[in-house]
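Asks: The primary structure of each chain is shown beneath.
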Amino acid sequence: MNAFEVRNLRVSYDDFEIISGIDLDIPAKTCFAIMGPSGCGKSTLLRTFNRLIEINENARVSGIIKLFGKNIFEIETSELRRRVGMVFQIPNPFPHLSVYENVAVGPKFNKMVKNKKELDKIVEWALKKAVLWDEVKDRLRERASNLSGGQMQRLCIARALALKPEVLLMDEPTANLDPISASKIEELIHELKKEYTMVIVTHSPSQASRIADYVAFLYLGKIVEIGRVEDVFENPKHELTEKYLTGRIG
Amino acid sequence: MDKFKISLFPNISLIFGIFALMLIVFFLNSLPSIQKFGIELYTTNVWKAYEYEHEERYGLLAAIYGSVYTSVIALLISIPLSIGFAIFVVDFAPKKIKEPLIVITDVMAGLPTILYGIWGLFVLAPFLRDYIMIPLYKTFSYIPLFSYPPTGYCYFTAGVLLAIMVTPFATAIVRESYRMVPRIYKEGAFALGLTKYETTKILLKYIKPAIVAGTLLAFGRAIGETVAVSLVVGNTFNVHPSLFAPGYTISSLIANQFGNAFIYDLMPSTLFAAGLSLFLIGLSVNLLGLQYLKRWRYA
Ligand SMILES: Nc1ncnc2c1ncn2[C@@H]1O[C@H](COP(=O)(O)OP(=O)(O)OP(=O)(O)O)[C@@H](O)[C@H]1O
Ligand SMILES: [Mg+2]
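One line per chain: the protein sequences are A and B, in this order. Sequential numbering of the first sequence, starting at 19, is according to the working numbering. Sequential numbering of the second sequence, starting at 1139, is according to the working numbering.
Heads up, none of these hints are tricks.
Chain B residues, not near chain A, derived (Cβ > 10 Å throughout):
#1 A1231
#2 D1268
#3 H1378
For lysine-lysine, the following DSS-like pairs were computed, each having C-alpha atoms within a straight-line distance of at most 25 Å:
#4 B/K1343 to A/K134
#5 B/K1334 to A/K129
#6 A/K255 to A/K240
In short, the hints are calculated from the structure, not lab data. We put the beta carbon where it would ideally sit given N, CA and C, even for glycine.
Based on the provided sequences and hints, a complete structural model is requested.
Replies: This is the structure in C-alpha cells:
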C-alpha cells in the first residue's frame, strides 16, 4: 500500500516554478529519501505533503496528492498535519515551554486527551519512542532551550510522535547536528520506519544509502531517478544521478 | 576588568548619579511636609490651603488613588488593544496598508499630548458621557462602579484617553518583537495541526517579556501624563469607587497647584512629596516587572 501517491505535482512561488510536474509513490512503513542538491526544491516538495507550503501566500500548488488514497486537499489542514508529522532542519522546540509542554502541546490543542493522566502517558510514551526519556525524565519541567541540539531534535521527533501520526516528514533532520547526535537520529529513523512511513529530505547520498529503502533524486524541480536504494546506488540509469552520487554535482 | 567595561563606567555612574540626585532632591524637599503630617500625608484626603501654617493640612490620597485608578483603566484597555493591533498589523493586514498603519501609530505616539487633551475635552468626554456613561448609569447605577452621575469629566474618560495615548507605544514594542519571532516556531506550531489562533497564542507566550516591557512603558507614560489628564479628569479631591466620578491625579495636581503653591508654607513641600510618591510608584512597578522577567527567563 502507498502512503502517498503524487501525480503531476507543480509548485511555484510567485510565477517561478520550483516543482515542475512530479509523479511518485511512497510505500507505507518504509523510509523514503528525497535527495538532491541545494535549491532543487526538496523542502518545497516535502512541505506540500502536509500543506505547510500554504502558509506562504506566494505559493501555488497544482496536481494530485493522495494520502492512503484520499486527496489531501480535501482533508482539513489540522487533521492532515496531525496525521502527517514534520521535523525541521533547525531543531525548533518552543524554547519558552518546558520539555513536557513541548510534547504535550499537540495532544492538548488537538484535544486528544481527557485528563492530565492521559496526557502524562502520551508524553512519556512519545519521549520513550524518541529515545529521549532516560535523558530528560528528571528534567521535564526545564525549558526546552536548555537541551543540547541533538536532544532538541529528538524532542521535536517526540513532539511529532505524540500526535500518533501515520507519516513523519523530516527535512534534513541531521543537518545541524554533530556526527554523534546525527547517528543517534539515524538509528532512531531505522526504528521508526517499522511503524511509520518516513519521508526524509537529505542532500547527502551516504545518508540516503544508510537509512532509506527508496530514494528519489530531485534535480531542478524534476525527478531524475527514483527506485529502491540498492538499484539507484548500484546502477544509476541516468548520468546526472551518477554524477551526483559520486560528488561531481551538488 | 577589560577596557570596554571601564569605558562604560562614566556613563553608568552619570545615569545613576542623576537618578540618585533627583531622588535626594525630592526627598529633602518633601521632608517639611512629611514631618508635619507624617504618614497621613499619604493616607488621607484633605486639601486645606490656608495662609497660616498651623491651619494648613494636606493629604495626597485622592491624587494617588486617581493616578493608580486612571492608569489601571488605561492598561486594561491598552494591553489587549495593543496586542490585538500588533497581531493584526503583522499577520493580517494586507501589504498595502501595513506600512501606513505603522506610520500612523508612530505619528500618534509622537503627537504633543496637549492635542490629545483638547480632543479629550471637547470630543471624547461628551461622547463617552452621552453614549456610554449615561446609559450605563441609568441601568446599573446600583453597582458602585457606575454609581456616580456622569458629567463626562472623570476617571473613566481620563483612563480611556490615556489608553489611546499609550497604545501606540505599547503596540510598537509588541509588534516589533512579534515580527522578530523566528519563522521556525510558527512553522513548528502549524505543523502540529494548530490553528492560526492557537499558533498565535503560543507565539504570544514566546514574546511575553516584550509584552511586559510594553505594559511597563505604557504604565509609566500613563501615570506620568499631565496636561491631557488634567483637562478631562475633573480635578476634584475625591476618592470614589465609581468610574464616572471626577478625581485628581498626582501629576495633574502638581501641574495645577504649583503656580500658586509658594503663597503657602507647606504646599510646595507637599507637591514635592506628591512627586516623590510618583517616583516610588514608578520605581516599584518597574522593579516588579523586572522581577517577573527574571523569573520568566530562568524558570
Ligand atoms: N517562500 C518562498 N518564496 C519564494 N521562493 C522560495 C520560497 N521558498 C523557497 N524558494 C525558492 O525555491 C527554491 C527551492 O527551495 P527549497 O527550499 O525547496 O530547496 P531545497 O532543495 O530544500 O534546498 P536546501 O537543500 O538548500 O534546503 C529555491 O530557489 C528557493 O530560493
Ligand atoms: Mg531545504
